[in-house]
Amino acid sequence: MKKNVVALSIAMCLATPALAAEYSEAPQLTKLVEAGQLPEVSDRLPQEPLVVTPFDSVGKYGGTLNLLGRAPDNVHRIRIIAYDNLFNFNEKYNEVVPNLATGFTANEENTVFTLSLRKGVKWSDGHPFTADDIVFYINEVIGDPDHAGNRPLFISSPDAAKATAVDAHTVKIELKEPNGLFIRQLATIDGASFATYPKHYCSQFYPQYNKNLDAEAEAAGFSTWRQYSMTKCRSAYFIEHYTNVDRPVLTAWKVKTPPGPNTPIAEFERNPFYWQVDTEGNQLPYLDSVRWRFSEDSEEMVLRAAAGETDFQARHIGGPSHRPMLIANEEKGGYTYHFRPTTLMNSMVLGLNQTTSDKVKAELFAQKDFRVALSHGIDREDISETVYSGVVEPYQAAPIESSAFYDEEMASQYTDYDVETANKLLDGLGLEKRDSAGYRLMKDGRRLRIEALTTTADLGGVSDSLELVKNQWKEIGVFLDIRVVETNYLTSLRITNDFELIPMPGDGGVGIIDEARSYLPYSPESTWGLGYYNWAQDPNHEYAVEPPAHVKRQIELFEKVRNTADQAEQQRLMKEIMAIAKEQFYVIGTVSSLEEGVVINNKIRNVPHDMPQSYTFPTPGPMRLGQLWKEQ
Amino acid sequence: MNSFFLFAGKRLLSMLITLLAVSVVVFAVIDLPPGDFATSRIAEMQSMGQTVDPELIFSLREMYGLDKPLYERYLSWVGGLLQGDLGMSLTDNQPVWETIQPRIGPTMALAGAVFIFSHLIAIPIGIFSALRQYSWGDYVATVFGFIGMATPNFVLAIVALLIGYFHFDTVVSGLFSDQFLNEPMSWDKFWDGVSRGWIYVLVVGTGGMAGIIRIMRANLLDELTKPYVKTARAKGMSEGRLILKYPVRVALLPMVSTIGWMLPALLGADVIVSQVMNVPTLGPLLLNSLRTQDMYVAGDILLIMSGLTIIGTLISDLLLYWVDPRVRVGVAKEF
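As you go down the protein sequences, you meet chains A and B in turn. Taking the working numbering, the leading residue of the first sequence gets 1, the next gets one more, and so forth. Taking the working numbering, the leading residue of the second sequence gets 633, the next gets one more, and so forth.
Isolated chain B (complex conformation) (with noise of 0.2 Å):
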C-alpha cells in the first residue's frame, strides 16, 4: 500500500508541474495569431458594417492593458489563477468564471453521457465481432461504425436538426426548451434537458464508436488465441465466463489507459456539433473567445482542459494500477 501512495504522490507532483508548463505554452500560443482582442472588436464592428476609426485600437489596448508586454500579462493571469482569480473576461467584463461556470454543468453531464454511451454501445459490438469474427453481425457492426466516423459530426447534427423540423415540426436545437432557458435549475428542467440532450449524445457518440469498436475487436482476438484462453477452456470453464473474465479484461487495457484522453476529446470534439445544435458547453465559449483574440476566458478554458487531461491520465494509472497486476508488480520493483 506504501508503494501505492509514493506512486500517486509523485504523479500529482508532476501534475502541478506540468499544469505551469501547459499555462505557459497556452498564453503564449494564444498570444501567437496576429492581432489581439482590440483589433479582433473593431473587426467586428467593421463586419456588422459600423464605419470605425482605426485610432480607437491603441486606446483600447492600453484600457485593456493589451500594450503591456506578454510576460507581464502572463504573470499577473497566473498571479490571479494562484489566488483562484481567473481574471476578467474582456469581451464580458464580468470575472471569466462567471461566464464558464454555468456551462461546466451541461459540459460534464454531455460528456459524461456521450462517453457512456458509446462505450456501453461499442465495447458488446466489439466483443460480438471479435468473437463472431468476419460473420455478417461483424460485417455489419464494421459498416455502422464507420459510417458513423466517417460522417463529420456537424453533418449528422444538422441531419437530426432537418429531421426534427421537416418530420416532427420542431426545432430541436439547444439543449433546454425556451420556457425553461432563463429559469434556474429544476427536476422540470433537467428532465427537459435529458429528453433533448439524447439527440447530441447520439450525434457525438457515434462518431466515436468505430474507433472502440476496432480496439475492442483487434485486441481480443489478440487475446483469444493466447495459450492461457486454450488452456481455460480446456479445462472446462463454461464460455461466456471464461471470455468475460480474462481477455476481455485484458483487451480494455489499453481503453483504459487512455481514458486521460477521453475527457479533453470529448469536450473538444463537440465544438462544432455545439455551435450547430446551440448547445450551451464550453466548446463554443472555446471558439468564439479564441475569435475574439479573448486571452483570460480561451487560456482559462484550455487550461482547464488541460488540467482535466492529466486528472484523467492520473485516474488511467490509478485504474491501470488496480485493473493489471503488471502495473503494480513494475511499482513495486520501482521503488
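Excised from the complex, chain A in its bound form (with noise of 0.2 Å):
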C-alpha cells in the first residue's frame, strides 16, 4: 500500500501486428479504393490494429448475417453489432481485455483512471477517435445535469466523473466516488456508450456547440433541442445510437436501414474503417452485412427460425417452450441447435420484499424463519418434472458451480420440501390461527396472502412454476395470489416500492461481482431489499428503509470492494459479503436453469461453443462478431 501510482497493467494479448503492405480487405471495398472513394485499407486501419485469432478458420469475404428479432429490441442489436467498448470481456466471461484502449493507470485511492487510446482507431466516416470524443461524453454529455438519456450505473450522477484529455490518445478520468471496479465496468453493457458519442458530429446538436440548435430542432419539428440531441445523438439504452443512418460508429456494421415501425427489415453494412483484422492481414468483418427481419409475434419469430430464417441466434427463441419446434426442424431448416451454459443460477427466485410498504407484512418477510420455512414449502422436484422435463435440479439462489464462489451447502440449504417443518416454523412466528379456508392469519387478523406481480410478457417458465408453488403454499396455509399486471403499473409499483413479490429468473450464477442482486441490495434489480437498495445510495431518499445491520455491513463490505482495483482482495470481501448472504437467506430460490438454446446455421463459421450465456457480458459480444463468415 505504499506504492504511489499502482500501475495495472491488462495481459496484451495482442499479436505481432502484421506490415501495413499485408493487409487487405473486402473485394467491395477494394472498388472504392480503386474509384478514389475509400483511402488505401493501411490507412484506414490504426498503427495497430487488433488482431483478431480466429476460433476455427481465417474466413472469405461476403454474405449477409440473418436475424429475426423485435423491432424495439436495441439489446439484440447491442449484443449483435454494438459491443466494442474501451474495454471487453474475453469470450468464457473470466478476463476483462484491451479493446478501443490498450491499457491504463490508476492512483491507489482508484479515483483517477489514466487510459490509452489504441492509435489510429478511426470512426466510420473516417474522422480520428481520440481522447476528445471521451471527454465529450463525460464532460458534455452525462456531465450535464439535465441530460436525459441514460447514465452508466456506476456514474449515476453528472458530477461522479471528470474527464480530460492528457494528448489525443490517453484520457485521465476523475472519479468523485474510488472505484475499484471501473475497468470492469468499462466491459459491461453499462460500458457500451463511452465510444459511440463522436465528438465531431454529435457537438452540432449541443447548443455550446451551435447557435442556431433552437432553430434547427424546431424546423425538424421537435418542441426542445434535447428531443432533438436525443434523437440524433442517443446514448445505447434509448433507441440505439444507430437509429440515424448519419451517425459515424466504431463497430463492425453500420446501420443503413434503421429499425422502425414501418421497417420490416433492419439493415446494416460494413464499416470500412472497421480497426480489426485476423491473424493474416484481413480486415474485419468477413460478412458484409447484417439484416434483421422484424415480428410482431413471438410464435411467427420461431416459425420463421425453424424455416431456417436465422443464422446465429439465441435471443428470444431459446426459451424451453420453443425446443421442441426448434429441434424438431434442424435438418429442414439447415442449422443446428446448440447449447450455451448459462450464468443464470436459478429458473425463478422469490424475493420477498423486506422493505414493502405494508409494515405487517415487511416485519414478516424480514424473518428469516419465515423465508425457511417458505423454502421447505416448495416442492421443486415437481416443479423440475412438470415445468422442465425433469432435467434441472432443485437449486437455492446460490452461485452455480462453475464460479469461484460456488458453495455447495448454499445451493442446498432449506430445498428439501418438508411440510412439517415449515408448518412447524410457521406456528412458531405466531401464525397458527387460520381462517376457514385453512390460511394462516397475520398479527393483525388479516389472511396471510402473498401478492406476486409478473406481466403477460414475463417468460413461460416462470409463470408456471408459480402456479406449482400457490398450489404447494396452499398445503402450508400460505395464499400466494399471483397478479398478472400491466407492465407500466408493474413499474410504477416498483419505483414507489409498493409492492411484495416479483419473481424473476436469478440472474447472478457466475460473474457475482457484476451481478449480485440476491446476495446484497445491489442494484434496483434487488426487489428483496428495494428500500434497502435506496436507503444505500441516499439515506433521505423517498422510499429509503433503514436496513438491519448485517445488510449494513454488507452494504459497507461492498464499499470496500469499490475502493480497491486489487482483484484477490476483492474476491475475499465479496466471499464475505456471500457468507452474510449465505447465513441471512434473503431470496428463496427454486430450480437451476436451462441451457441456453441458440440456433447456428450449419454454414456459419468461428461460432465458439463454451460462451456463456448472460446479459451483462453480454452474449454473443465478446466472441467478436466479425470473424463470423459464411460458407458460400
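Keep in mind that the hints were calculated from the coordinates and are not lab data. We put the CB at the ideal spot given by N, CA and C, even for glycine. Check before you lean on any hint, since a few could be wrong.
Ranges between beta-carbon positions, derived for each pair [said to hold, decoys possible]:
| id | chain 1 | residue 1 | chain 2 | residue 2 | range |
| --- | --- | --- | --- | --- | --- |
| 1 | B | Ile943 | A | Ala220 | 31 to 37 Å |
| 2 | A | Thr64 | B | Met740 | 44 to 50 Å |
| 3 | B | Trp819 | A | Thr496 | 53 to 59 Å |
| 4 | A | Thr279 | B | Ile795 | 18 to 24 Å |
| 5 | A | Ser156 | B | Phe798 | 48 to 54 Å |
| 6 | B | Ile736 | A | Pro324 | 38 to 44 Å |
| 7 | A | Gln28 | B | Ile779 | 53 to 59 Å |
With the hints as a guide, bring the two chains together.
Now the structure itself:
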C-alpha cells in the first residue's frame, strides 16, 4: 500500500501487428478504393489494429448475417453489433481485455484512471477517434445535469466523473468516489456508451457548439433541442445510437436501414474503417451485412427460425417452450440447435420485499424463519418434472458450480420439501391461527396473503412454476396471490416500492461481482430489499428503508470492493458478503436454470461453443462477431 | 334536392362536434392507465434485462413534456391537429404522420377486400338460406358461418401459418415477400401483396360472415311473408326478379345502415390477426402505442378511426336516403 501509483497493465493479448503492406480487405471495398472513394486499407486501419485469432479458420469475405428480432429490442442489436467498448470481456467471461483502449493506470485510491486509446482508430466516416470524444461524452453529455438519456449506473450523477485529454490518445478520468471496479464496469453493457459519441458529429446537437440549434430543432419538428439532440445522438439504452444513419460508429457494421415501425427489415453494412484484422491481416468483418427481419409475434418468429431464416441466434427463441419445434426442424431449416452454458443460477427466484410499505408484512418477510418455512414448502422436484421435464435440479439462490463463489451448502440449504418443518416454523412465528379456508392469519387478523406480480410478457417458465408454488404453499396455509398486471403499472409500483413479490429468473450464477442482486442490495433489481438499496444510495431517499445491521455490513463491504482494484482483495471481500447472504437467506430459489438454446446455421463458421449466456456480458458480443463468416 | 343538402350539411356539422368530443375522450382515456410513456420506456428496458436507475423517470418526463398537466398536453395536441400537425411519436421521435402514413394504404386495401369478400359470399348465402329455410343447404351454410364466427380469428391465422409451413414450405406471414420489403410500391410488389394478402382476407373475412348471413336470412324471412310479396307473386311476376327487386332490397337496409360501423370494426377487429400474421396494418401499431403509452400515436389512430366511423355513418345515412324512400319522406317532413 506504499506505492504512490499502482500501475495495472491488462494482459496484452495482441499478436505482433502485421506489416501495413500485408493488409487485405473485402473485394467490395477494393472497388471503392480503386474508384478513389476510399483511402487505402493501410490508411484506414490504425497503426496497431486489434488482431483477432479466429476460433476455427480464417474466413472468406462476403455474405449476410440474417437474424430475426423485435423492432424495439435494442439489447439484441447491442449484443450483435455494438459491443465494442473501451475494454471488453473475453469470450469465456473470465478476463477483461483491451479493445478500443489498450491499457490503463490508476492511482492508489482508484479515483484517477488514465486510459491509453488505440492509436489511429477512425470513426466510420474516417474521422479520427481521440481522447476528445471521451471527454465530450463524460463532461458534456452525461456531465450535463439535465441529461435525459441513460447514464451508466457507475457514473449515476452528473458530477461523478470528470475527464481531461492528456494528449490525443490518452484520457484521464477522475471519479468523485473511489471505484476499483471501474475498468471492469467499462467492459459491461453499461459501459457501451463511452465509445459511441463522436464529438465532431454530435457536438452540432449541443447548444454550446451550435448557436442555431433551437431553430434547427424546431424546423425538424421538435419542441426542445434536447429531444432533437436525443434523437440524433442518443446513448445506447434509448433506441440505440444506430437509428441515425448519419451518426459515425466504431463498430463492425453501420446502420443502413434503421429499425422502425414501418421497417420490416433493418439492414447494417460493413464499416470500411473497422479497426480489427485477423491473423493474416484481413480487415474484419468478413460478412458484408447484417439483416434483421422483424416480427410482431414470438410464435411467428419461432416458425421463421424453424424455417432457417436466422443464422445465429438465441434471443427470443432460446426458451424451453420453443425447443421441440426448433429441434424437430433442424434438418429442414439447415441449422443446428446448440446449447450455451447459462450464467443464471436459478430459473425462478422469489425475493419477498422486506421493505414493502405494508409494515406487518415487511416485518414478517424480514424474518429468516419465515423465508426458510416458505422454502421448505416448495416441492422442487414437482417443478422440475412439470415445467422442465425433470432435467433441472432443486437449487437455492446461490452461485453455480463454475463460479469462484460456489458453495454447495448454500446451493442446497432448505431445498428439501418438508411440509412438517415448514408448518412448525410458521406456527413458531405466531401464525398458528387459520381462517375457514385453512389459510393462516397474521397478527393483525388478516389472511396471510402474498401478492406476486407478473406480466403477460413473463417467460413461460416463471409463470408456470409460480402456479405450482401457489398450490404447494396452500398446504402450509400461505395464500400466494398471482396477479398479472400491466408492465407500466408494475414499474410504477416498483418505483414507489409498493409491492410484495416480483418473481424473476435468477441472475448471478457466475460473474457475481457484476450481478449480485440476490445477495445484497446491489441494484434497483434487488427487489427483495429495494428500500435498502435506496437507503444505500441516499439515506434521505423518499423510499429508503434503514437496513438491519447485517445488510449495513454488506453495503459497507461492497463499498470496500469498489475501493480496491486488487482482484484478490475484491474476491475476499465478496466472499464475506456471500457468507452473510448465505446466513441471512434473503431470496428463495427454486430449480436450476436450463442452458440457453442457440440456432446456428450450418454454414456459419467461427462460432465458439462454450461461451456463457449472460446479459451483463453480453453474449455473443465478446466473441468478436467480425470473425463470423459464411460458407457460400 | 334542397332538403338533401340541408340533411347533409346538418350531418357534417354534427360530425365536427362529435369529433371534438371524441378527441377529449380519447386523450383522457389513454391517460387513464397508471404510468406514462416514461414508465413504459423504463419497463421496456427492464423487461429486456437492463438495470435502470428509476430516477431516470423524472428527467424523461421533463424531456417529453409529460410532467405538464393533462389539459395543457391536450391543448397542444389539438392545436397541432387543427393545423394539420399530428404531433411527434414518442417512441420513434418522428412525426406521427410518417409512422402512420405507410400503413394506411395496406390497411384500407385489406379492410376493403375483407368487406367486399365477406359481403359477396355472405349475402348470397343469406338469401339462399332464407329461400330454402331448414333445407340441407341452409344447415350447411349456417354451420359454416358459425364455425367461422366461433373460432377466434387468430387461431385461424395460426392454422393458416402452420399449414403454409408444413405443407407448402413457406412462411406466409407478412404482406409482402422478403425481396419487396424495403422496396417502393410497384406493380410487382402490389401483385405480390395480393398473392399473399388473400390468406389474411380469408381469415378475417370468415369471422364476420356469420353475422351477415344471419341478418340477411332473418330479414328476408320477415319480408317474404309480407303482403306485397304475395301481391307481386299473384300478379305473375317472375320469382327471381321479384325476390331481388323487393324483399332483398328491404332486407339489405339494416346492413346499409350499419356500414358506418363496419369501417372501424374492420380496422379494430384485425389487431390480433395482424399481430400474428405480421401484417403492416394500423392494428399492431395501435396496440404497440397503447402498450408503450405513446399518447400521440394512439390518440391520432383512435381519432382517425372515430373519424371513419362518423364518415361511415354519413355514408350510411346518404345511402339510406337513396335506397329507402321512407327516409326521404321523413327528411322532407322534418324540414
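Do the hints match the structure? See the list:
no.	hint	in the structure
1	B/Ile943 / A/Ala220: 31 to 37 Å	32 Å, holds
2	A/Thr64 / B/Met740: 44 to 50 Å	34 Å, violated
3	B/Trp819 / A/Thr496: 53 to 59 Å	57 Å, holds
4	A/Thr279 / B/Ile795: 18 to 24 Å	49 Å, violated
5	A/Ser156 / B/Phe798: 48 to 54 Å	52 Å, holds
6	B/Ile736 / A/Pro324: 38 to 44 Å	40 Å, holds
7	A/Gln28 / B/Ile779: 53 to 59 Å	55 Å, holds
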